[in-house]
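Residue numbers (numbering that gives the first Met the number 0), protein chains in the order written: chain A, 0 to 437; chain B, 0 to 437; chain C, 0 to 483; chain D, 0 to 483.
What the hints contain is simulated information worked out from the structure, not anything from laboratory work.
The structure presented is a predicted model; accordingly, all values stated were derived computationally and were not measured.
Some hints could be false.
Partial selection, computed: residues in chain A whose CB lies under 10 Å from chain B [claimed, not checked]:
{"hint": "1", "residue": "Glu36"}
{"hint": "2", "residue": "His65"}
{"hint": "3", "residue": "Gln239"}
{"hint": "4", "residue": "Ala342"}
{"hint": "5", "residue": "Pro406"}
{"hint": "6", "residue": "Gly409"}
Note that CB positions come from ideal geometry on N, CA and C, so glycine has one too.
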Amino acid sequence: MLEQIGVDSIAALFEEIPAELRIGASPSIGPGEAMSEMAMLRWMGERAERDAGLVCFAGAGCYDHHVPAAVWDIAGRGEFMTAYTPYQAEASQGTLQLVFEYQSMMCALTAMDASNASVYDGASGLAEAILMAVRKAARKSRSRRVLMAETLHPHYRDAARNIVANQGVEIETLPMAGGRCELKRLPDDGAFAALVLQQPNFFGLLEDADRLTDWAKGHGAAVIGVVNPLTLSVLKPPGQWGESGADIACGDGQPLGAPMSSGGPSFGFICAKAPLTRQLPGRIIGQTEDAAGRVGYSLTLQAREQHIRRGKATSNICTNQGLLVTAAAVHMALMGAQGLAAAAAASRANTLRLVERLTAIDGVRPLFPGPFFHECALALPKPAPEVLDTLLDRGVLGGVSLAKHFPELGNALLVCATEKRSAEEIDTYAKALAEILR
Amino acid sequence: MLEQIGVDSIAALFEEIPAELRIGASPSIGPGEAMSEMAMLRWMGERAERDAGLVCFAGAGCYDHHVPAAVWDIAGRGEFMTAYTPYQAEASQGTLQLVFEYQSMMCALTAMDASNASVYDGASGLAEAILMAVRKAARKSRSRRVLMAETLHPHYRDAARNIVANQGVEIETLPMAGGRCELKRLPDDGAFAALVLQQPNFFGLLEDADRLTDWAKGHGAAVIGVVNPLTLSVLKPPGQWGESGADIACGDGQPLGAPMSSGGPSFGFICAKAPLTRQLPGRIIGQTEDAAGRVGYSLTLQAREQHIRRGKATSNICTNQGLLVTAAAVHMALMGAQGLAAAAAASRANTLRLVERLTAIDGVRPLFPGPFFHECALALPKPAPEVLDTLLDRGVLGGVSLAKHFPELGNALLVCATEKRSAEEIDTYAKALAEILR
Amino acid sequence: MSTIFDLSQPGRNAAAQCADLDGAALARLPEAALRAASPALPEVSELQAVRHYTNLSARNFSIDSQFYPLGSCTMKYNPRGAHRAASLSGFLGRHPLAPERASQGFMECLFALQEILKEVTGMAAVSLTPMAGAQGEFAGVAMIRAYHRARGDLERREILTPDAAHGTNPATAVMCGYTVREVAVDGNGDVDLDALKAAVGPQTAGLMMTNPSTCGVFERQAVQIAQVVHDAGGLLYYDGANLNAILGKVRPADMGFDVLHLNLHKTFATPHGGGGPGAGPVGVGERLLPHLPVPVVAQHEGGYRWLTEDDVPGTIGRLSAFAGNAGILLRALAYALMLGRTGMDRVSDFAVLNAAYLATRLKAAGFELAYPNRAATHEFILTLAAQAKAHGVSAMDFAKRLLDFGMHAPTTYFPLLVPECFLIEPTETECREELDRFVDAMIAIAEEAERDPEHLRTAPHNLPVGRLDDVKAARDLKLRWTPG
Amino acid sequence: MSTIFDLSQPGRNAAAQCADLDGAALARLPEAALRAASPALPEVSELQAVRHYTNLSARNFSIDSQFYPLGSCTMKYNPRGAHRAASLSGFLGRHPLAPERASQGFMECLFALQEILKEVTGMAAVSLTPMAGAQGEFAGVAMIRAYHRARGDLERREILTPDAAHGTNPATAVMCGYTVREVAVDGNGDVDLDALKAAVGPQTAGLMMTNPSTCGVFERQAVQIAQVVHDAGGLLYYDGANLNAILGKVRPADMGFDVLHLNLHKTFATPHGGGGPGAGPVGVGERLLPHLPVPVVAQHEGGYRWLTEDDVPGTIGRLSAFAGNAGILLRALAYALMLGRTGMDRVSDFAVLNAAYLATRLKAAGFELAYPNRAATHEFILTLAAQAKAHGVSAMDFAKRLLDFGMHAPTTYFPLLVPECFLIEPTETECREELDRFVDAMIAIAEEAERDPEHLRTAPHNLPVGRLDDVKAARDLKLRWTPG
Ligand SMILES: Cc1ncc(COP(=O)(O)O)c(C=O)c1O
Ligand SMILES: Cc1ncc(COP(=O)(O)O)c(C=O)c1O
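Let the hints inform the model, and build the full structure from the sequences given.
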């Protein structure tokens, strides 16, 4: 090959790089001796092993749900996993049709008109949703203020704020009482571009989504619902909240086929009512035809995207979380509405059992009244981080401490028991906690 | 559907079954309540977990080798895994070409002319090889006697005998001395249909395959070499033993991409010199063409097989171990001759290290003199089963006791350290053994 | 498509798979034992290997991609969950010779499977060790032989099979040292009882048959047949390949069988892997108990232990190096656990419903059933003799043309009794729409047979290769790649 | 092909995936919060779902099945071993909010990756949290913004980019509240230094560029550019999407860059998944250290801990719910471990060798290089303007026709500067024969363009669908399945 190129060494191919910049003959970068696949798997395996084996009662945006074996057997097929973004539609009908089907399923779950092909995750997706609403408001109220429920996942709040603040969007907080949005503190001053609420909220509690939506619509604000797609198999979809429904539904797709994976990769979804379709960020797949009238699919509304519109795009997103969407589509097809509802119901049943067992312990009580879905905040007689640490020794990941984000709530712990938790595991947790608190 | 069939219940479809035979309305067979996939995986997972976690120093026909991640990613593809035996050649070119390539690789490894598409395992495959030789002898010496090295894997000996004895084949033993075939006890009486020898033999030692082969050929007996395909990357292939080579090479393909899996599924291979091709049992793939001259592959020499020849077939085998052959072909393609040789050499190096460490312990010594490949029999100062049992508590599967099959060898233990064993693991074993024997 | 050898370039490799070759480790080996030249395996990069085999895989029909109604083979969907369960690292990483104490989880699984198979068959004991149906048959007939021998009954040299029997049956009998005598099947697919009576005698070691038979019908005289054979001092062997038709409905033991094998890869969830692996456990009644092949798992002091030759002195012994196709046994257990009590019954419900529906529709579409007076079981036979006569197209031509429609062909020319036959088994996991597509394709092909028979005779037309020349394959034997 | 919705039948399901629906658990929920009707998801059996998606997958080109020389995208083979490592159950089963004490194995991996990325880029610190290149760009530009703000330098409202820049660069600048000014690239693919000097000023917050540039050439004046921008008080952003061209050869820090992102999914082993996921870690020099996005892993008392907002008060904060695309980070680490010190260098060796070879051969075959005076880097640009003029065939026509040859097309119409362009990146993992096949195909298509240009204009001809109507897709918007 060198001969054909007309050089006598590979080094000669780099001669345009100014000599003073070149690292030199034997680069000392990188991690030491090359490992064979076998050695690497051993090294990584030892580390993976080190953290393994906890029974998980943590939720807070990432859930230990069952994923049918077929899901990743399919999503892991080379044809899906090693393809690129489907720019050449004719050579990418697999991905394109699958994402079209995914979009259809997400619209069904959320009762929205359009879905994109994913954003990075729930939190960054919320930022995109807010920017959509602000762009829409730019044509009317021109407001850059957004009202955000205090009961929203604190990481979502942070990430969204960190992203949208650069564009001068201001986030204000709708305070909570008893773990839910305090309706009577809905503000009366000025216009908001959007109201953001989470259902079930961060504490697992159900908001009065209907009234919140009606208030917002009455005040000219768009409604952004942050939702858990699994619960939508059972709960009223955002598109049907209140009189006219939310405008945007977003959230994290992790409960649809993604292992917890330390939080990533999962995927963010954004669905919208028709008037907001052209504000959506990222890829959108549309159905079309070839000259012979055969149905096919292709990237559409590309004029929203950075590769066409550059600085005028609706977002800078390019690479998204395609493979997780692939898994989600297969997951939803395998589970069906019935399977999702059963998983949601079983998660709720297990969490009810867990809460019952844990609150039977002296000093442990529900932090808030009212129905929760499949997560529940508990008040403990000791600091949560300390309790969690002791539980680790018994192989239990006991939940998520609220100490950092809600210090005002005292010794608060957020727990969750998905459909994967067995009665014995729940009882083991209760027994361990009882001993610790004795 | 029932309507179209013209019955009013599924039960009606079973009316031809005499009523007195029917189990009745609510069958009480089977394992209790149906489990969901999730529940089943939990149940099986708990049991899998129970036996897991031992560091493996056992060999004796089943080895803990590295399998490249790509091997089962490919072999596990639905198109390979869920296809049937390639009866419809045009719809099975994937499997057919792959097996053709596999046959070619096996011929290269063994220096033979033809390979079949697998038999069940090494032991039952040896039985088939013996029957091949006996059928061949039927045309000449008509001998049904087979001389079998005492240094052959005892399970192979048993299985082969159990199978061929039904056809009146007699197995005689060539005794060993110092763990290897005793050349001077090669018999002089009468004709043998075949000589069976294993290289490296059960104890990991190298036989004088050249002289054994020459003796057999000189006495009109076919030579059947039982070989470990991984070691053939380094060792002289059976097709080149002695003056004219062995006639049949067979063995277990487990070292080529199959996990240990409690011993199965792996696969047996049988390769033969050209004159024996038509004696091979099971599937054989041949290259051919379609009308347009395109190269294709199909099952060939089917007139040897039970589905055509019924009682006159060379064997009753039908289902074989196709998927493992698929994995083996991918494995060999990924490893190449170089990769296989490196794995073999590393296994040998590790076993050398292990033997050095273990024999440094008082009372532990090599049972036999002479070079071994990657397994070695050790003499212990205590009964091997007892030692192995104590080692389990330290997470070490210390090898295979020879007590049952070779009680005359005393407290003997067969050990093996593949390329997967790390220096630390080897040292851990040595340390544990030293403590146990202290 | 190029072979992997055509892609090979000297010196190329998948670097991450090559540990450094430790020449020193080999140095101490005797020169004469070493090979002179490296074996001519392909030398390719990891990408080349992955791409090559990925593309090869696309040249297969499979259950995951096509309807595959191959009669007698039970090409059904096998849940990925069962595959996952058997692939748990605790199972895959287990050495077969690990001590019992370190094998209790695995052994509990095998024991549970033994019990389940006993229940569904009604047999007294089960050994899981045979590695496929044919090895199960071998074990079964070898036990029959051992039984007669143990009784000093040495003159029984013959095994009977219906003439419609699967090829492995007679082949097995011969492997066990028997001669085979075939018994005719009548026009309704039942064994001809008179012929059977004439055939049995003091030379009869046993009879091998399956029920539903390979004719796709339930043998109604099973009990009478058993009577005849037993009266003659022979034993009855049940070939369990068709068990999915009667699971939860009838037990082979109740029909009078003394010994059987089950094809776990057919009835109990193992994808067929392009040829295997499978598992063919054997079950026996009391009479053959002493001869069961080893190893077998037994309960013992609250745990499990292996039964070996020492425990079962009359055993026909071990048939493989270890304990059989463990991974396939685990898949079968996983599947049985998911089916549960009620699911077993559902397997036969849907297997038979689908076959009956398909038979009804094909008959209505003008196709001729081989046994029109009989109810379909999990499979049924069509004879295309009329089409062959009228248009000169064979069942094979129909089969090849079906491939063009994106469906695998049914089994052709088996059983041999029925001319130009299609043995069709839709299986319990296909849905009605898929069956309807098959009927549509058959109708289309039948019309084409009238209009343009040559198009059938030269099919397939839409596959990577056209009809392959089997004669050339056997005549110009090319069984391995050679350069150039 | 039918959609999964077309296969749906009311009441059908994959039974093993449906736990019994525990109605009681839902009973205590307020009626108003519940949905009135079940969502209209498909109702199919497990086999139907598996078969449908298996068959859909066959309608994709992918690295595992085709050559895929998509410029700027680095469609290379990513070792399955890295995928396996990231799929270890200990990693997949880890909850993101597990306490540090129960996360040391995972955190050690992240820390190791941070260190490796620091070394290969020469930067002072790395944060792994951005979830793709574009989010990395966002983080980088947000840090530039935070830096100027922290210094009270509030008037810098502009980000510069070469006009050949990737679309995410200007889009990112806008997302960060900046306006974009484009700087021209000269006829040799280098930034026009005079234009740059004219463009910088007190309004300049920074310059974003990649090197090798999107023109497929190494920007030789990188140091001078840095000088100009720094002199104007701006900072330099390095878009690391092309790092595979210089890995082990040059460090971005040495070229004067203050901040960068890396596309781990391009340079460090993540298959692209039909659109993602990726990971876009950011590296910074000393100046931006206080603004690094959180979380970051730090060594602490012989172990590891998370740095959060409390530890990095000037941070731009978190950008996602947890710690980024952990699984992708693990793949990158696995890949780096397998490459080792010497392998890093080999990546750029072969990336550039392959591109140079392909450029040389295509040039020899009569194709026009966009920058004929320049050495190819890991990618290079062809302009098909001559063909377009002579035969009325566009680069897109060439691209579509290439698909018929079983190869994915290069990137078309990017960068926008070059008319009718192909941006070709063969990548480091392809072998010579594959490159030669591509050249052969290009020559064949060029001949065809003369002979039968219409055949190109209507390509592809061998794929499941012909050329799709993008205009119709946008005009008759159909974004989801509807019945009938
Ligand atoms: C009726 C019948 N009996 C026996 C067998 C043999 O089983 P196996 O292929 O597992 O050896 C088969 C398999 O095709 C069969 O269909
Ligand atoms: C030069 C360049 N910059 C930035 C990006 C954006 O990276 P990502 O797609 O990961 O967001 C890309 C990806 O296509 C690219 O090629």
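Practice problem: Quick one: which hint numbers does this structure break? Sort them smallest to largest. | Solution: Hints 3, 5, 6 not satisfied by this model.
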